[in-house]
Amino acid sequence: MSDYPWSEATATGVGSYPGEDHLEAVRTAFGELPMPYLPELPARGVGADMIGRTASLLVELPVEVQPSGWRLADRPGRDFKRARDHLTRDLDGLEEVSQGYEGPFKIQACGPWTLAGAIELRHGDKVLADAGAVRDLTESLAEGLAQHVAEVRRRVPGADLVVQIDEPGLPGVLAGTVPTASGFGRLPAVESPIAAERLKTVLSALEPAFPVVHCCAPGVPYEVIRTAGARGVSVDAALLRRRDEDAIGETIEKGLALLLGVVPGVDTRLPDVGVVAKPAVELWRRLGFPPARLAEQVVLTPACGLAGASPAYAKAALARCREAARVLREDPGE
0 MSDYPWSEAT ATGVGSYPGE DHLEAVRTAF GELPMPYLPE LPARGVGADM
50 IGRTASLLVE LPVEVQPSGW RLADRPGRDF KRARDHLTRD LDGLEEVSQG
100 YEGPFKIQAC GPWTLAGAIE LRHGDKVLAD AGAVRDLTES LAEGLAQHVA
150 EVRRRVPGAD LVVQIDEPGL PGVLAGTVPT ASGFGRLPAV ESPIAAERLK
200 TVLSALEPAF PVVHCCAPGV PYEVIRTAGA RGVSVDAALL RRRDEDAIGE
250 TIEKGLALLL GVVPGVDTRL PDVGVVAKPA VELWRRLGFP PARLAEQVVL
300 TPACGLAGAS PAYAKAALAR CREAARVLRE DPGE
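Sequence positions in the sequence shown follow numbering that gives the first Met the number 0 and run 0 to 333.
If you are wondering where the hints come from, they were derived from the structure by calculation, not from laboratory data. Since the structure is predicted, the reported quantities are computational estimates derived from the model, not experimental observations. Be aware that one or more of the hints could be misleading.
As the list claims (entries may be wrong) - For lysine-lysine, the following DSS-like pairs were computed, each having C-alpha atoms within a straight-line distance of at most 27 Å:
#1 Lys253 x Lys199
#2 Lys277 x Lys253
#3 Lys314 x Lys277
As the list claims (entries may be wrong) - Derived DEER-like restraints, expressed as beta-carbon distance ranges:
#4 Glu329 x Phe183: 26 to 34 Å
#5 Ala291 x Gly123: 29 to 37 Å
#6 Pro66 x Gly307: 42 to 50 Å
#7 Glu244 x Glu95: 39 to 47 Å
#8 Ala130 x Tyr100: 38 to 46 Å
#9 Arg240 x Pro192: 36 to 44 Å
#10 Asp20 x Thr267: 21 to 29 Å
#11 Pro310 x Ala188: 23 to 31 Å
#12 Pro66 x Glu329: 48 to 56 Å
#13 Glu59 x Arg154: 18 to 26 Å
#14 Glu329 x Glu252: 33 to 41 Å
#15 Glu329 x Glu59: 49 to 57 Å
Backbone N, C-alpha and C fix where the C-beta goes; we use that ideal spot for every residue, glycine too.
Based on the sequences and whatever the hints tell you, model everything.
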């Protein structure tokens with residue numbers, strides 16, 4: 000019995016998708032992928048972006064858009080409502096397309112640290128500048144995500160749910176490189192145990208879904224992600240360095256799934272399936288893990304979101320990930 004909610008040779012998407020036709024995007028995800036996902040379409044504008052979409056899930060922490068970006072507000076207004084409307088429409092479309100579906104299904108939301116580095120307090124700096132505000136935001140996000148997961152389960156009852164928490168900002172939070180709201184300074188670094196604890200609050204709220212943390216930035220903090228209780232980590236293969244391999248190896252050894260981004264997120268000539276699968280096969284060989292486990296523990300994805308691609312390329316990229324995932328099973332290398 001596999002420890003993972005998917006079968007061997009699986010591929011999925013990361014998050015964002017081009018265009019404004021959500022029904023078409025969902026149909027593509029279900030048509031092209033062994034593990035379909037709920038695409039995000041930021042081209043639709045305010046509230047369809049990663050930050051606004053997740054902020055609309057916060058419980059008793061309404062947000063609004065200011066010229067500088069998203070900010071906590073006194074009461075829910077037009078921007079908050081727009082974000083919720085986008086999400087409701089997306090879930091309606093999902094329910095329509097997924098009728099009778101049984102199997103792995105992935106949703107995504109922004110994580111607490113990336114959110115805290117992007118949303119501003121009502122009067123002043125970013126939420127990240129205030130430890131108490133970060134705690135409040137984290138607890139609100141955990142509660143809102145638990146409700147969101149329950150809603151997705153209700154609409155797709157046959158889904159074996161995977162929840163991806165997007166934390167591209169986490170390396171910067173740990174390194175102390177996140178700019179202040181003014182842009183003139185940097186916010187102090189957050190210690191790893193605190194970072195792991197807040198992330199754990201959110202991941203724990205997702206049970207019994209399978210929690211994955213996605214970080215398409217250099218310097219992925221594998222140990223923080225593991226300590227927080229993630230059961231998978233999603234990274235961009237092009238950003239991996241040899242110095243990361245000990246941490247990756249330890250992560251795999253502890254049984255975490257590796258979602259590996261192997262196809263560019265913007266239009267390009269797609270390489271053949273063997274070339275797409277190669278980073279996964281070679282990494283696995285270098286780390287010395289049994290070839291038989293490769294197709295079970297590694298899931299192939301685009302490098303990051305596909306919002307910057309054309310719809311035709313986005314569809315082809317997902318299909319190429321699916322085809323390359325079969326190589327992991329049929330020719331994993333010895």
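Could you work out which earlier hints the structure fails to respect and list their numbers in ascending sequence?
4, 5, 6, 9, 11, 14
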